[in-house]
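What follows is each chain in one-letter form.
Protein chains: 2
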Amino acid sequence: MNTTVGIDLGGTNIKIGLVTNGGRIIQRITIPTNAQYGPEAVVANIINCLKQWQNQYQTIGIGVAGLIDHKKGIVHFSPNLPNWKNIPLKTWLRKVIKQPVYVGNDANAFVLGEYCFGKAKGAKSVFGITLGTGVGGGMIIDGKLWLGISDAAGEVGHTTINFFGPRCACGNQGCLETYVGAKYIINRTKRKKTTGLLTDKNLTPALINLASKQGDKLAQAIIRETGVYLGIGLANVISLFDPALIVIGGGLSGFGKLLLNSVKQTVQARIMNFPGRRVKIVLSKLGDDAAILGASQFPKFL
Amino acid sequence: MNTTVGIDLGGTNIKIGLVTNGGRIIQRITIPTNAQYGPEAVVANIINCLKQWQNQYQTIGIGVAGLIDHKKGIVHFSPNLPNWKNIPLKTWLRKVIKQPVYVGNDANAFVLGEYCFGKAKGAKSVFGITLGTGVGGGMIIDGKLWLGISDAAGEVGHTTINFFGPRCACGNQGCLETYVGAKYIINRTKRKKTTGLLTDKNLTPALINLASKQGDKLAQAIIRETGVYLGIGLANVISLFDPALIVIGGGLSGFGKLLLNSVKQTVQARIMNFPGRRVKIVLSKLGDDAAILGASQFPKFL
Numbered sequence: 001m002n003t004t005v006g007i008d009l010g011g012t013n014i015k016i017g018l019v020t021n022g023g024r025i026i027q028r029i030t031i032p033t034n035a036q037y038g039p040e041a042v043v044a045n046i047i048n049c050l051k052q053w054q055n056q057y058q059t060i061g062i063g064v065a066g067l068i069d070h071k072k073g074i075v076h077f078s079p080n081l082p083n084w085k086n087i088p089l090k091t092w093l094r095k096v097i098k099q100p101v102y103v104g105n106d107a108n109a110f111v112l113g114e115y116c117f118g119k120a121k122g123a124k125s126v127f128g129i130t131l132g133t134g135v136g137g138g139m140i141i142d143g144k145l146w147l148g149i150s151d152a153a154g155e156v157g158h159t160t161i162n163f164f165g166p167r168c169a170c171g172n173q174g175c176l177e178t179y180v181g182a183k184y185i186i187n188r189t190k191r192k193k194t195t196g197l198l199t200d201k202n203l204t205p206a207l208i209n210l211a212s213k214q215g216d217k218l219a220q221a222i223i224r225e226t227g228v229y230l231g232i233g234l235a236n237v238i239s240l241f242d243p244a245l246i247v248i249g250g251g252l253s254g255f256g257k258l259l260l261n262s263v264k265q266t267v268q269a270r271i272m273n274f275p276g277r278r279v280k281i282v283l284s285k286l287g288d289d290a291a292i293l294g295a296s297q298f299p300k301f302l
Numbered sequence: 001m002n003t004t005v006g007i008d009l010g011g012t013n014i015k016i017g018l019v020t021n022g023g024r025i026i027q028r029i030t031i032p033t034n035a036q037y038g039p040e041a042v043v044a045n046i047i048n049c050l051k052q053w054q055n056q057y058q059t060i061g062i063g064v065a066g067l068i069d070h071k072k073g074i075v076h077f078s079p080n081l082p083n084w085k086n087i088p089l090k091t092w093l094r095k096v097i098k099q100p101v102y103v104g105n106d107a108n109a110f111v112l113g114e115y116c117f118g119k120a121k122g123a124k125s126v127f128g129i130t131l132g133t134g135v136g137g138g139m140i141i142d143g144k145l146w147l148g149i150s151d152a153a154g155e156v157g158h159t160t161i162n163f164f165g166p167r168c169a170c171g172n173q174g175c176l177e178t179y180v181g182a183k184y185i186i187n188r189t190k191r192k193k194t195t196g197l198l199t200d201k202n203l204t205p206a207l208i209n210l211a212s213k214q215g216d217k218l219a220q221a222i223i224r225e226t227g228v229y230l231g232i233g234l235a236n237v238i239s240l241f242d243p244a245l246i247v248i249g250g251g252l253s254g255f256g257k258l259l260l261n262s263v264k265q266t267v268q269a270r271i272m273n274f275p276g277r278r279v280k281i282v283l284s285k286l287g288d289d290a291a292i293l294g295a296s297q298f299p300k301f302l
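Protein chains in written order, with our numbering: chain A, 1 to 302; chain B, 1 to 302.
Please note: incorrect hints may appear among the correct ones.
[What the hints assert, rightly or not] Here's a subset of chain A near chain B, in silico, CB distances under 10 Å, partners left out:
1. H76
2. F77
3. L147
4. I149
5. P275
What the hints contain is simulated information worked out from the structure, not anything from laboratory work.
Yeah, the Cβ is synthetic: ideal placement off N, Cα and C, and Gly gets one too.
Required output: the full structure, derived from the provided sequences and hints.
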């Protein structure tokens, strides 16, 4: 059987999967990233995990948040991995591992996972957006992953939706991420008069979601408002790229239909409508597996 | 010699060129559009013009502003041609003309003209933007014109740069076009304390340009400010699409280096910068010919 390894290298955990041709994860390993010990330690831990599958896989794909040189397999910068500056991840792994290694951006892994095995299967063109602490994106055009000239296409989180808007960590003002990134949603909630679950000092999107499901009006309003901002950003994606399908993933996609309906309404109000207009917007159903599955497909797409 | 016909069907004039394989326009005809007489009259006038070249060309390409069904050659809607609603332009022309006819969006014609014969020749990926009364765009990806699933890709003029911004004719708020469209620039100028040329009741972008060249500080500030807004819109294009080249055309590209430098500064300040970042931004040098030349290439790209 042809199997490949897909790795989702995140700031908190490293999720490793042994994936079949058909997109089934037949074995899994999850270990803490422990980024504080530095990139060498992280890579040593990955190599250690892979030992037990030594001859069971043909290739390895790794998805990492941040700016990646996909050809050379270098992580230039990662918001989730402090001290990762121009780390030649591929070279380091290939010193020990004999199988080919492919390194890519985590949002590209997400959109590939959806395109190969999820909601975007077979779609002519796809834009994938991941909502979490950061907001990433990736695009499939004519069956190919579109990386752009600088390997930096799909950065929807850093498109401007309000040029007077809040300062973003990237240096720009009014980026989509400053409206729909997890910490901005939490801060927006905290500035309101909260009750119940929402008064939690360690408020998280998951708690906002729970409160919303329990009928908290403020939590519901926050999620709908997040959908409005997201809809503005995605309307821009549609106006520019006109994809067949947009798939929304990442932790915040757990906001579910309340978010999705608000997104759809906003998009409808903001894009040019005409009889031939076609675009579908859906929520990911693969959850955390999207990044593992997508990374396992890097060998075919990078 | 292989020659093709390229037609730029605008709201004011119809520009027709007999174009060689190498992109030389060897004969030209320009007639007034007279859109008020209706689409049948416009098409009859085009057919009349083409009679004199009867056996000299192999194919015809026509660029029209608006929403086009590129496959069927139908003009769904054109902002420049009132009463053009779902006009089967290709079918009407083919009733009389034996050569194949291709109908496309004018901004797509522009970017093709630049890609085949202008500043974007040979570029790996190109975004073309046309600045005039309307703001259009088109994109070349991997040597192909990218139309999107609804034939509506590249609509950069209707991307939101400020969700609180002015209402646009398209129904959206804060579209790029509401900041850099000709009439918005004129109105912004008129609201200031103008002197000299800028007091002209029939103020045009050309007059603003002339005033700027004569040293008018307000005119210069207006052009620089237009460059800032344009830079915000183009930074979004770069973040999403990451093209190798952006080429700026249309009447307002006559604002020249003052505009271009302001665009470049704004883009630089707003996109994520990293060592591998590559994007060039240039002004078109083809002028009005870009649309004729690009339309003549529709047969190869549609």
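Now for the hints, and whether the structure bears them out:
At about 6 Å, the closest approach between the beta carbon of A:H76 and any beta carbon in chain B falls short of 10 Å, and the interface hint on this residue holds. At a threshold of 10 Å, the smallest CB-CB gap from A:F77 to chain B is about 7 Å, leaving the interface hint in force. Here the hint on A:L147 is kept, as its CB sits about 7 Å from the closest CB of chain B, short of 10 Å. Proximity of A:I149 to chain B holds as hinted, the smallest CB-CB distance being about 4 Å (cut-off 10 Å).
Hint on A:P275 holds. Least Cβ distance to chain B is approximately 7 Å, under the 10 Å limit.
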